[in-house]
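Student: Sequence:
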Amino acid sequence: MAFSLPLLQPWDSQGWKVKIRDRERLEPPHVTVLHRSRAWRWNLRTGGFMDADPPPGDVAREVVAVLVENLARLRAEWDAMYPSNPVTPREADDG
20 MAFSLPLLQP WDSQGWKVKI RDRERLEPPH VTVLHRSRAW RWNLRTGGFM
70 DADPPPGDVA REVVAVLVEN LARLRAEWDA MYPSNPVTPR EADDG
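In this note's numbering, the protein residues as written are 20 to 114.
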């Protein structure tokens, strides 16, 4: 099941959402920031936006601040949903 990070007002009522969606196990670990019909992918390894379109500058600074403040929680949620593709890759055995 998808994970949604709760956002405070006014961001929630203005249509902003932050989710880890289902069926993304093969993609780099990320959350999806949604605003109405637009979506941005934010990388949980690097802490930056993954795509140039739509422009990352269109995401409210306060929403980005929420991502940064909740990075540990978001990483833990991703790892719980996708243990075969963790945020911090496991080291290969040297044996």
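A few of these clues could be false.
What the hints assert, rightly or not - Listed next, the in silico SDA-like pairs over lysine to any residue satisfying Cα-Cα at most 25 Å (straight line):
{"hint": "1", "residue 1": "K36", "residue 2": "V106"}
{"hint": "2", "residue 1": "K38", "residue 2": "A58"}
{"hint": "3", "residue 1": "K36", "residue 2": "V82"}
{"hint": "4", "residue 1": "K36", "residue 2": "D72"}
{"hint": "5", "residue 1": "K38", "residue 2": "F22"}
{"hint": "6", "residue 1": "K38", "residue 2": "S103"}
{"hint": "7", "residue 1": "K38", "residue 2": "E81"}
{"hint": "8", "residue 1": "K36", "residue 2": "R60"}
{"hint": "9", "residue 1": "K38", "residue 2": "A21"}
{"hint": "10", "residue 1": "K36", "residue 2": "R109"}
{"hint": "11", "residue 1": "K38", "residue 2": "S23"}
{"hint": "12", "residue 1": "K38", "residue 2": "L90"}
Simulated from the structure, these hints should not be mistaken for lab results.
Keep in mind it's a predicted model, so treat the numbers as computed, not measured.
Student: Each hint should be assessed against the structure and marked as holding or not.
Tutor: Right, here's what the structure says about each hint:
no.	hint	verdict
1	K36 with V106	holds, 21 Å
2	K38 with A58	holds, 10 Å
3	K36 with V82	holds, 9 Å
4	K36 with D72	holds, 18 Å
5	K38 with F22	holds, 6 Å
6	K38 with S103	holds, 19 Å
7	K38 with E81	holds, 16 Å
8	K36 with R60	holds, 12 Å
9	K38 with A21	holds, 7 Å
10	K36 with R109	violated, 30 Å
11	K38 with S23	holds, 4 Å
12	K38 with L90	holds, 13 Å
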